[in-house]
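Participant: Heads up: the sequence lines are chains A and E, in that order.
For the first sequence, the positions run 1 to 146 when full-length UniProt numbering is used.
For the second sequence, the positions run 1 to 482 when full-length UniProt numbering is used.
Be aware that a few hints might be false.
[What the hints assert, rightly or not] Computed footprint of chain E on chain A, listed as stretches where at least three residues anywhere in the stretch have a Cβ under 8 Å from a Cβ of chain E:
1) 16–25
2) 31–43
3) 48–60
4) 64–73
The hints are simulated quantities; they were obtained by calculation from the structure and are not laboratory data.
Using N, Cα and C, we set each Cβ at its ideal position, and we do this for glycine too.
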Amino acid sequence: MSATIILGVIGSDAHAVGITILDQALSTAGFDVVNIGVQSSQQDFISAVEAHEGDAVLVSSLYGHAEQDCRGFHEAIESAGLDPITYIGGNLAVGQDDFEQTKACFRAMGFDRVFDSETKPMEAIAALKADMNITESEAERTRLTS
Amino acid sequence: MLRDTRLSAEKLSRIDERIRDDWSVEPFDFEEAVAYHDSLPDKKRFAKVLQRADRPLLQPRAGVPRLDDQIALLRHLEGAGGADLLPTTIDSYTRDNEYEKAQQGLENARESGDDTLNGFPAVNHGVEGCRKLIEGVDAPIEVRHGTPDARLLAAVTFAGGFQSFEGGPISYNIPYTKERDLAQTIEHWQYVDRLAGAYTARGVEINREPFGPLTGTLVPPCIAIAIGVVEGLLAVTQGVRSITLGYGQVGNLVQDIAALQALRELGEEYLPGDVTVTTVFHEWMGGFPPDEARANGVIALGAATAAIANPDKVITKSPQEFGGVPTKEANAAGLRTTRQILDMVCEQDIDVDGIEEEREFIEDSVRSLLDTILELGDEDVAQGIVAAFETGTIDVPFAPSDSAKSAVLPARDDDGRVRILEFGDLALEPELKSVHTNRLDRRARAENRTTSFQMVADDVDAISDGRLIGRRGSSQSGGGGA
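So here's chain E without its partners, still in its complex pose:
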């Protein structure tokens, strides 16, 4: 039965041996891997670099199939982009544990010279390949993916010298997959976190980063933060001591700053004192304008928000976000745009009205959700989160997973803040719900229409169409408004 308790050393070894049968990886040894990590210089120790920084560090997304290309890409982002922290984004077949398909894609890429995979198949490159990558660049590298069962990926990449690993059992299940069972995904991530904890106990601190943006589309801050805290708690149980909680920009300055403050405060409050909590802000994760100049505007707003909210890390976007995976030049440009604005704005002492009130509202909402989760699990957070998703008391909008009700629908209020239009069974106190409802009613009146799914659809398209709020009748494109 699923419990939020630490896996025994015996169970860790047993799983560790079993998962290696999933794909023929070269044998590797924990003691040897610890020694390898010990041989790395301080500048490649992810948690240290992140925790010692005195300004928000910048990290892009990037992953291509071939090793040499990945090294060249990351060097470019370090050099031309000025990235402080580097990523390696894993391809979609690996995320599905389809290592054979990833192998075919890698071989096609090697033969044709084309990028036939949308990321770096780290399991196929193996421990040796990962170490060549770690040695090929200066900055520390995080594994970024979207894998519900990331056990083998974690085993290979941790042994391969990576010291930061994105995701968690909720944030890499609910937004990323249809049929994976949530309780089983939590068990799989208990192994990942326990392995990270085993390295941590040996002095190799593995940083863990729950994926804050979830479905990346108008996610109400209270939902994102509650899930991040739950994943943090689950990781800490397994021995993780460096947690980076994440949040994705929604585009309203006040709400984004308030949410980042709430994220840090609640993280520090709910996670034990010997855990180092850091925060990451993701530049806008929804649809981007199909125009690089306008896309730079979206990125710039994210950078300005980060300058005021001061998270430990910012994940940048590129002006080519609209068209899929960007060129390395565009990716570096997104980093430089962000750095320029961040460094100009962070020198300034800026007071924005309303942040305190919004932060309290978010914190009260998160507490309402977390109280219900803990109650449902009789204080066991693993059981509680499973029960909460089953009952819809916690929910994520636009979730493809069968494990979520996906009954919650968000829309922007008259000020562009993301509110909740349909609650489903979400466990928010009535007085909190009425704030959402009143604010959305106010917008509907301002636009002389009723609140409906149409408002949601308009808001999903608004930023790519050139505005924050999908106002009625304001669409400029010919077929718009649908």
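This is chain A alone, in the form it adopts within the complex:
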């Protein structure tokens, strides 16, 4: 398996702990991870997909401005002629939101999967494997050792 994952925190957000752990977990699971870090713009993500032939984009946001930061993101990806799998996860709205509603909102924006901030790396890894048709035996070989 040599799937390449572009990982970063969008907008002005500087929460680095989550992607640090996700980076480590994805790498251990056998993915090629390109971690573009915190405070990344839409263009930073798109450039990374182009430069590294990214198969999936994992967007993290914990400060509540995700909706503004992701507006037009999928249109921009499409105009760049790219078609990666896109996930977003974290605290996606300011305040105490109804997650089902938030999920619907980000799904409508074009994200393939939407996760809350309680999601463990294993769930994202399982989702990536399912969406990329990575077989069980491969998954077995690359399973996290804890």
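Since chain A is already given, all that's left is putting chain E on it; use the hints.
Facilitator: Just chain E, lined up with the frame of chain A:
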């Protein structure tokens, strides 16, 4: 060249004029602002209220975009929550100096009635707006933010009647931003502190509070304290006389009490005698349980710790911390939970074994770091801290900033105290390092595993998963352990 020397009055005025071009703020005048502060009653003088208190004062976090909503929110926290000190948390666009985006967010909020910003855009509200806020509540209010270049924010909010300002060049750069240059951030904060010093010289004491919790995630106490002392020293050079040093709860009772004691003692030792040093304890800053009842447990442990350690101020959390910005009711509930436990426990005479030993260990570690910083700067603390970050001799775990090596990795020992697993080039004496290593090895043996990044990841999730230590095989949630 960056030096830890006081900015001249001419340089202060020159910067003061230049930064106002960043955003069209209404003109305001220093003399008029001093007169405005002089007109405020004693109960709104932040430093006085904090320094005269005979028990830990409580302060929540809170910031919404619209002025009327912010006044209503703070009144609720004063009334229903019993907050002694109030906050105004600034939105993320302002923290990035993106005043145009903040303006759009504020206008959207005014039109839609939704909170489309995650805080109060004080620069956009201007001096007039800030003064209406100060006049709209009884207690003094601190500006809380996370802005690397906070010059305009400070100029507007100081003129607007705020007398306390959180942050510093390290604590608001390293945990909050990716590409800002540390030396330049120090220059920017020299202006902020010099302005606070200028007010102080006129009898308007502006309280300054380095942000103790840093990245908020398993930060070893010695790192947090060393950085707080450095920021205190930098502020004092510019004329600040009221410093509140901060520390964030890690969850081990002995380590937290020891760290708060060390923070106060080292603050008083390293900062000059004419400076009033106070301390602030932040309730747990890491991931919270996704369950209000369990979240209240985390808050309660913080309150009990504060009752024994007796800091001057406690920054409270709400039971809705997990879900982002809390409702005003939940925010007030966090204050009341804290007050109830604090007032019950602080009446008691409690002896906890091991505090003295842990405090000495923390103090020795802080001295080791500070000695290196001062040496690297040839006794100039500004140069020393820049060199220390460049060489990794001072470092912060999980720091997003390019200015930090971020090579240090923390993990909990078998007793739940935060130790250092990976040191990078951190300037700790070998005998201090071996304490960390031995303690972590002991835990690894107890769990029959090796020390690794997995242990770090398990510890980051542990409290939200319901425990202090991320023990191997103890995860209860389905996908856990990753």
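Participant: Now, for every hint given, state plainly whether the structure supports it.
Facilitator: The hints, checked one at a time:
With a cut-off of 8 Å between beta carbons, the region 16–25 of chain A has 6 residues touching chain E; three or more are needed, and the interface restraint holds. Here's how the region 31–43 of chain A fares: 3 of its residues keep a CB closer than 8 Å to some CB of chain E, so the rule of at least three is met and the hint holds. Residues of the region 48–60 of chain A with a Cβ under 8 Å from some Cβ of chain E number 0, which does not satisfy the need for three, so the listed coverage is violated. Counting residues of the region 64–73 of chain A whose C-beta sits closer than 8 Å to any C-beta of chain E gives 3, which meets the bar of three, so the coverage hint holds.
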